[in-house]
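Each chain, letter by letter, is given below.
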Amino acid sequence: MAEKTYIKMDDLAVGYNGKALIRDICIDIKKGEIVTLIGPNGAGKSTILKSITRQLSLIGGKVIFDEQNLHKMNFRELSQKMAVVLTERLKTDLLTCYDIVASGRYPYTGKLGILTEEDERKVDAAMAAVHATELGPKDFNAISDGQRQRVLLARAICQDPEIIILDEPTSFLDIRYKLELLSILRDMAKRRGITVIMSLHEIDLAQKISDRIICVKGDRIYRYGQPEDIFREEMIRELYSLDNGFFDPLFGSIELPQPTGKGWSGGSADQEGSEPQVFVISACGTGIPVYRKLQKKNIPFIAGILTPGDKDYQLARLLAARVITSPDFEALAEPAFAEAAEAVHRCSRVIATDFPIGTMNRRIEELIELADREGKLERV
Amino acid sequence: MSGNAVRTTTLPGGGGYHAENFRRRSRCLLVFIIMAAAFVVITVININSGNVHISVGEIARAIFLREGTEKNLDIIWTIRLPRIIVSMILGGALALAGFLLQTFFENPIAGPYVLGISSGAKMVVAVVLLAFAQASFQVTSLTLILAAFAGSLLATLFVLVISYRVPNMAMLLVAGIMVGYICNAVTEFMVTFAEDSDIANLHVWSQGSFSGMTWTNVAVCLVVVGIGFILTMALSKPIGAYQMGENYARSLGVNIRIFRIALITLSSLLSACVTAFAGPISFVGIAVPFLIKGTMGTSKPLVVIPGCLIGGGVFCMLCDLIARLAFAPVEMNISTVTAVFGAPVVIYMMVSRRKGR
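In the order they appear, the protein sequences are chains A and B. Just so you know, we're using the working numbering here: the first sequence kicks off at 1 and counts up by one. Just so you know, we're using the working numbering here: the second sequence kicks off at 1 and counts up by one.
The hints are simulated quantities; they were obtained by calculation from the structure and are not laboratory data. Each hint can be trusted.
What the simulated footprint calls covered on chain B by chain A, stretch by stretch (three residues with Cβ under 8 Å from a Cβ of chain A suffice, anywhere in the stretch; the number is not a length):
hint, stretch
1, 239-249
2, 253-261
3, 293-301
Label-pair distances were calculated between CB atoms; the ranges are:
hint, chain 1, residue 1, chain 2, residue 2, range
4, A, Lys111, B, Ser352, 33 to 39 Å
5, A, Leu250, B, Asn255, 45 to 51 Å
6, A, Lys111, B, Ser55, 42 to 48 Å
7, B, Gly294, A, Thr109, 22 to 28 Å
8, B, Gly294, A, Glu238, 51 to 57 Å
9, A, Lys190, B, Val166, 43 to 49 Å
10, A, Gln80, B, Leu231, 21 to 27 Å
11, B, Ser26, A, Gly225, 56 to 62 Å
Just so we're clear, the structure is a prediction, and the values are computed from it rather than from any experiment. Every residue, glycine too, gets a C-beta built ideally from N, C-alpha and C.
Sequences are here, hints too, so could you generate the full structure?
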């Protein structure tokens, strides 16, 4: 399908007071796409969004929106095409949620802003879409932050926009409403062809909902591309300058750094590099809770014997000091077994979880017996 | 018939917040009815009381049929009626100016008096009065209004400059109060060195009073405030959007720059008209919009703007009545009375807001 560019940011430079914070922004967005800006705090995600919504004037370049220069369109025309959800706290005085949502109909009402029955129906529909119908008569100041966010989204929806711009829309929401908000956005984008541009802090969600990702860092756009290309471990590590934890691109989860064994109760720098004292024998995901527990106590450990396709492996890779591996779909390899037996000898604790043992990993039983004989075995 | 059927679904039977909307509309309507009733009652009391008592029947005859004794007709038509009408119009204008300023500064305590706008107008009017007295010119009401308008704008712009530099609610009020002090000091300075005969008028006027109004005053007030009201009503839609903050308003298609200029010009014009004729009057601009919003239970400009006009009118008529009668034959200045009723409202407002947060 030959889709043409709907929004084109052409050599855009954005910033405050005439000083460019980010320059050389060249981005093409197609109709109905969900585009997410990610990047560290203060990178300028909001600055870019504010420039697109004309809260800030451009420092350079231009935005072409549906073949018109966005910053030359008149406000009324633009307001029928673009709706926004901002991060700023809304201070209202004696306005109900219904009033707030109804203000989205502003571009369509007459001189005095009186709602027609059609307008009222659209307000109702928008409130129903975000499950905020029961909030209607409540004072906007008397509801929770999460509810406010939903009401503001309803407001944007009933503005009937072609493009909706949201600055960190998920900030105050609990996970249920985060998912709900994002699925509403996806629905709008895919069913009604509404283009969504937003900034998100939750990179895991950004990965799952976006068609395109804009990474903002420094004074340029760091990367622009499809989520598959952006959400790589090194890319995220570099974007957020992570030196204290991990991003797991497979599940989009973030992990704290490996346990070091150092802490106030003992341990010192020279212990670093010494072998861990705990060996976790697990498979099929049964090791994950054990790893997390050890990590919380800051106890380094060895994990084994895992195949790269095992669920445990994905986390052990990030958290364990060492992972003893053996190839997928093969009987446990001899070198791996020898290494594991050696680990059992050296560690003071061997933790074995409950997992199925079959033809391929038969020798695990030997390992557990060995640990038992040495009196180090703990079963969980 | 079919129109009726559609309608019923959105009226109370529809449940949910449409019933709520209906309830709120009824509440606004009720407030308007109560204010209208208060207006009639206060008007009648206002006319029939004073040094000369005139009965209700005589009032009706004098007003509608122009019948009665010469003296009564004279009192009603040349003294009491113009005064009542002016106090009503100017009270409405003050409340409107207050509402506009509160919208502009996004601050419920903003008003022409606290922000020093009335004092600015007073200062320029004093200068003009003295200058004209020196040159023995006749001062027309148009000159007065223009002088007051210039003073209002001057003070507003000054406060505006400060408020852009220090974007802080408290500092804004401090700036306004300071501007007020400076302007008052300048006025006092000029009064001190003026000829006694020149300042006789000035002194009465600078305390704020509705006494001595003529039908010409009524006509000028009616025209200026009428225009101000119509323009404010025309702005009610963008004001509604602006209540959600500048950025949302812009995203809804409001041209913020033009809108702000319109707000400042209108509020200056309205408070200038008041100051030109009645002198600086305190608290009406804050108290009335607050009371109107509170009783109506909404801040929707479409109902609050006419509410402020009528409410401010009724409030000022009542205050003027009290100013005239409380210690008759001595007449108090109007600010004394508005402060007694207005200040507690402001205090209540601050306390209740703190609680709400």
